[in-house]
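*Asks:* Each chain, written out:
Number of protein chains: 2
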Amino acid sequence: MRLSRYFMPILKETPKEAEIVSHRLMLRAGMIRQQTSGIYSWLPLGKRVLDKVAQIVREEQDRSGAIEMLMPTIQSADLWRESGRYDDYGKEMLRIEDRHERDLLFGPTNEEMITDIFRSYVRSYKDLPLNLYHIQWKFRDEVRPRFGVMRSREFLMKDAYSFDLDYESSKVAYDRMFVAYLRTFARMGLKAIPMRADTGPIGGKLSHEFIILASTGESEVFCHRDYLDLAVPGEGIDFADAASLAGIVDRWTTPYAATEEMHDEAAWADVAEGDRVAARGIEVGHIFHFGTKYSEPMKAVVTGPDGKETPVFMGSYGIGPSRLIAAIIEASHDEAGIVWPKGVAPFDIGIVNMKPGDADCDAVCETLYAELQAADHDVLYDDEDNRAGAKFATMDLIGLPVQVIVGPRGAKVGEVEIKHRAGGERETLPATDVVRRLAA
Amino acid sequence: MRLSRYFMPILKETPKEAEIVSHRLMLRAGMIRQQTSGIYSWLPLGKRVLDKVAQIVREEQDRSGAIEMLMPTIQSADLWRESGRYDDYGKEMLRIEDRHERDLLFGPTNEEMITDIFRSYVRSYKDLPLNLYHIQWKFRDEVRPRFGVMRSREFLMKDAYSFDLDYESSKVAYDRMFVAYLRTFARMGLKAIPMRADTGPIGGKLSHEFIILASTGESEVFCHRDYLDLAVPGEGIDFADAASLAGIVDRWTTPYAATEEMHDEAAWADVAEGDRVAARGIEVGHIFHFGTKYSEPMKAVVTGPDGKETPVFMGSYGIGPSRLIAAIIEASHDEAGIVWPKGVAPFDIGIVNMKPGDADCDAVCETLYAELQAADHDVLYDDEDNRAGAKFATMDLIGLPVQVIVGPRGAKVGEVEIKHRAGGERETLPATDVVRRLAA
Numbered sequence: 010m011r012l013s014r015y016f017m018p019i020l021k022e023t024p025k026e027a028e029i030v031s032h033r034l035m036l037r038a039g040m041i042r043q044q045t046s047g048i049y050s051w052l053p054l055g056k057r058v059l060d061k062v063a064q065i066v067r068e069e070q071d072r073s074g075a076i077e078m079l080m081p082t083i084q085s086a087d088l089w090r091e092s093g094r095y096d097d098y099g100k101e102m103l104r105i106e107d108r109h110e111r112d113l114l115f116g117p118t119n120e121e122m123i124t125d126i127f128r129s130y131v132r133s134y135k136d137l138p139l140n141l142y143h144i145q146w147k148f149r150d151e152v153r154p155r156f157g158v159m160r161s162r163e164f165l166m167k168d169a170y171s172f173d174l175d176y177e178s179s180k181v182a183y184d185r186m187f188v189a190y191l192r193t194f195a196r197m198g199l200k201a202i203p204m205r206a207d208t209g210p211i212g213g214k215l216s217h218e219f220i221i222l223a224s225t226g227e228s229e230v231f232c233h234r235d236y237l238d239l240a241v242p243g244e245g246i247d248f249a250d251a252a253s254l255a256g257i258v259d260r261w262t263t264p265y266a267a268t269e270e271m272h273d274e275a276a277w278a279d280v281a282e283g284d285r286v287a288a289r290g291i292e293v294g295h296i297f298h299f300g301t302k303y304s305e306p307m308k309a310v311v312t313g314p315d316g317k318e319t320p321v322f323m324g325s326y327g328i329g330p331s332r333l334i335a336a337i338i339e340a341s342h343d344e345a346g347i348v349w350p351k352g353v354a355p356f357d358i359g360i361v362n363m364k365p366g367d368a369d370c371d372a373v374c375e376t377l378y379a380e381l382q383a384a385d386h387d388v389l390y391d392d393e394d395n396r397a398g399a400k401f402a403t404m405d406l407i408g409l410p411v412q413v414i415v416g417p418r419g420a421k422v423g424e425v426e427i428k429h430r431a432g433g434e435r436e437t438l439p440a441t442d443v444v445r446r447l448a449a
Numbered sequence: 010m011r012l013s014r015y016f017m018p019i020l021k022e023t024p025k026e027a028e029i030v031s032h033r034l035m036l037r038a039g040m041i042r043q044q045t046s047g048i049y050s051w052l053p054l055g056k057r058v059l060d061k062v063a064q065i066v067r068e069e070q071d072r073s074g075a076i077e078m079l080m081p082t083i084q085s086a087d088l089w090r091e092s093g094r095y096d097d098y099g100k101e102m103l104r105i106e107d108r109h110e111r112d113l114l115f116g117p118t119n120e121e122m123i124t125d126i127f128r129s130y131v132r133s134y135k136d137l138p139l140n141l142y143h144i145q146w147k148f149r150d151e152v153r154p155r156f157g158v159m160r161s162r163e164f165l166m167k168d169a170y171s172f173d174l175d176y177e178s179s180k181v182a183y184d185r186m187f188v189a190y191l192r193t194f195a196r197m198g199l200k201a202i203p204m205r206a207d208t209g210p211i212g213g214k215l216s217h218e219f220i221i222l223a224s225t226g227e228s229e230v231f232c233h234r235d236y237l238d239l240a241v242p243g244e245g246i247d248f249a250d251a252a253s254l255a256g257i258v259d260r261w262t263t264p265y266a267a268t269e270e271m272h273d274e275a276a277w278a279d280v281a282e283g284d285r286v287a288a289r290g291i292e293v294g295h296i297f298h299f300g301t302k303y304s305e306p307m308k309a310v311v312t313g314p315d316g317k318e319t320p321v322f323m324g325s326y327g328i329g330p331s332r333l334i335a336a337i338i339e340a341s342h343d344e345a346g347i348v349w350p351k352g353v354a355p356f357d358i359g360i361v362n363m364k365p366g367d368a369d370c371d372a373v374c375e376t377l378y379a380e381l382q383a384a385d386h387d388v389l390y391d392d393e394d395n396r397a398g399a400k401f402a403t404m405d406l407i408g409l410p411v412q413v414i415v416g417p418r419g420a421k422v423g424e425v426e427i428k429h430r431a432g433g434e435r436e437t438l439p440a441t442d443v444v445r446r447l448a449a
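Protein chains in written order, with my numbering: chain A, 10 to 449; chain B, 10 to 449.
Misleading hints may appear alongside valid ones.
One copy or any two copies: either way a pair holds, since identical chains are not told apart in the list.
[Said to hold, decoys possible] Only pairs whose alpha carbons sit at most 25 Å apart, straight line, appear in this in silico BS3-like list of lysine-lysine:
(1) K364 with K135
(2) K21 with K308
(3) K147 with K364
(4) K61 with K428
(5) K135 with K21
(6) K421 with K400
(7) K56 with K147
(8) K56 with K421
(9) K135 with K25
(10) K421 with K200
(11) K147 with K61
(12) K100 with K147
(13) K61 with K180
(14) K400 with K135
(15) K135 with K317
Derived from the structure by calculation, the hints contain no laboratory data.
What you are looking at is a predicted structure, and each value in this text was computed from that prediction instead of being measured.
Using the sequences and the hints, build the whole thing.
*Replies:* What follows is the structure, encoded as structure tokens:
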């Protein structure tokens, strides 16, 4: 993308309303814009990150055997009356009346709807296990939306729902998602630590939050230092191998880890002092096993091998890609701006033409722009006539992993500079070597 | 995807509520499910088609220079009060009150919001032309939703908005979208004919609907036979070349074409009788040039080269991917089911294992499944134990372009059968030749 043809409205001033760094940086980098309290547009740069994050979530859901579908944003209140949650949910639910005075709502989550879909089609244990997910906009009418997309009212969520014949197999489904989540966050450059969690309005007894450590985190968390070095399962992990999944979950749940709500001072005292990590954390995912909480009242039953009908065992599994982006920035930024982990950056590489109009600069930049795109990189080419300082500040602010800087002196002799955003390392090299140097 | 691990709930009976063939076939093929009046879930097979259609729309928008972003579904009523449309829009608008008693609405379209975004960031003619689009769920509270996703209440829409300094340049933006639309529909196997149209609640004087001919269409349309053979511009079209765009638009608007509303009996009488095509049509896209209708009241102005402020000239451009899918099916089906045009099919190829458990069948199928996927095809592998008749009926119903049929006798000697869904041609060939035979 040529910057001169792009829409990336950088803000020079720090917006006053932004209390946390991710919110400030997303506004300044022209990623988002608040339309009304807690409701945001995703400007082109932000949309690119949202797509990349959602795509990683999708790939890891698919790898684990979950199947993508898409439920609507608007739901009928009747479904929620069946489960008994319509009144429970309170004012956070955005309730709507249509022209025929029927009660609708903007879905804050989809347990009821997916249970209704399941009971409409599935009759036999032979169609299990089944895990259906979607990535769709949700709405929770927070009293005080804040922190930008970290706590917005309209937000994107991936929610998956597993269906199994009995407790044991539904526990395998839970483990499958647990492992998929470890992989998902690791691919985004995040170290996410699973912690036992309260189940709140979703229900059930078994639940984990995935928490990343960030000094600006919303709540205090406590964990064993071992988590910082635990290996995340590789691509080759076999999601059909229940024993090996259980082994991984075991390794990732044995050392002490707890959010403030679930913190146990006695157990914490048993952790050696040098192994204690007390830090601030941000929740980036939440998984629930709630068994038959919805299938019983909503009569979602299957016939087992014994010919008897039994309510299906369920779990649900959420990741909020919009919120996650704020969390990634909280965990990865510096004074100059965002430092995108590879894989979620809006573009992989930024080319900075220091002197548009200079024949050498233009020629070198155009060649690199074409070659790097041909080599499958997403490239932002700053071809605008602007001060050097402003160009560098913008590139640092938007945090692309690699900058290729092309100045007139270097271009004349065919040389360019590469700057790595994360560590700040710079190197000068022949323009003809750039593609090879940046090969994945 | 292995059918045994997929979720594709085929209905054996024809649902009574479905009045038109696309609705019937989408329900029977397990593509969609109505959740409540006019609100649908997209089951996995439907979601795949929705993604493919949206991706073609996206690619052609990008090619024409439009930039993708994403606006929220929920909007503030205040914005619509500024443009004066809040009261105009009537009961089709889904109005909502939040917990703080602020008036919100589920966006039926986004002219106001994009104008607000534009005026917040853009000040100078130097940042023009600009065309921003998004693909987002919209809601129109139809009195009587029907025909499945053809006329649903919650529906997916791509809406693009162009911004230009004056009438002439905004006409170029209009032409650019006009040409992008021709390409978009052609890539989906559709022959879409642009027809002058009423502008309705969007406003403005210049507007075209893109109509496909289908015997089940919603309205009567009239056009010159020449349209049926007009060439659609190729990939290489230069969207910076205003003159050549205007030439294409000229060729595509000169022969007579009109919807019922705009039909002119006198002009129609001038068309030679043998050239008249009176048929039924389905609207699949609608583009509008409305100049300063929103920019004036909302004060979206730019400074021109003369230093004077002037309201920006705008147009908006819609395609409904969810509706489009129904239209594609109306235009492309037979007695046995859907006949997907290449490019929008949920899978490119279906492999039918006639005897799962037979060592030869399984081996041939597994090899083909791996090889065809490695060759970048989306493959559905029917590995389920089922009657031959049911297997064939399902494959025909879901309409994948190519079926590869593997029976025990053929498999024993390494032979399989290929069936092309559209024409029904069959050929028997060595299994080892399939990948080459099906190369794009």
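*Asks:* Please work out whether the CA atoms of K56 and K421 approach to 25 Å or closer within one copy, between two copies, in both situations, or in neither?
*Replies:* neither (37 Å within a copy, 52 Å between copies)
*Asks:* Between the shortest in-copy and the shortest cross-copy C-alpha distance, which are at most 25 Å for K364 and K135: within, between, both, or neither?
*Replies:* Between. Shortest inter-copy distance 19 Å satisfies the 25 Å Cα cut-off; intra-copy 66 Å does not.
*Asks:* Within, between, both or neither: how does the pair K135, K25 come out at a Cα-Cα threshold of 25 Å?
*Replies:* neither (57 Å within a copy, 28 Å between copies)
*Asks:* Regarding K21 and K308, is the shortest C-alpha distance of 25 Å or less found within a copy, between copies, in both, or in neither?
*Replies:* Classified as between; 23 Å across copies, 57 Å inside a copy.
*Asks:* Between copies, within a copy, both or neither: which fits K135 and K21 at Cα up to 25 Å?
*Replies:* between (60 Å within a copy, 19 Å between copies)
*Asks:* Between the shortest in-copy and the shortest cross-copy C-alpha distance, which are at most 25 Å for K100 and K147: within, between, both, or neither?
*Replies:* both (15 Å within a copy, 24 Å between copies)
*Asks:* For K147 vs K61, is the C-alpha pair at or below 25 Å within one copy, between two copies, both, or neither?
*Replies:* both (19 Å within a copy, 23 Å between copies)
*Asks:* Could you figure out if K400 and K135 sit no more than 25 Å apart (CA to CA) within one copy, between two copies, both or neither?
*Replies:* Answer is between; shortest inter-copy Cα gap is 18 Å, intra-copy 60 Å.
*Asks:* When no copy is named, should K421 and K400 be tagged within, between, both, or neither for a Cα gap of at most 25 Å?
*Replies:* Within one copy only: 20 Å inside, 66 Å across.
*Asks:* Can you give me the call for K61 and K180, within, between, both or neither, at a CA distance of at most 25 Å?
*Replies:* neither (30 Å within a copy, 34 Å between copies)
*Asks:* Pop the pair K56 and K147 into one bin, within, between, both or neither, using alpha-carbon distances up to 25 Å.
*Replies:* both (17 Å within a copy, 18 Å between copies)
*Asks:* Check K421 against K200 for me: Cα-Cα at most 25 Å, and say if that holds within a copy, between copies, both or neither.
*Replies:* Answer is neither: 44 Å inside a copy and 52 Å across each miss the 25 Å cutoff.
The structure fails hints 3, 8, 9, 10, 13 (numbered hints given earlier, in ascending order).
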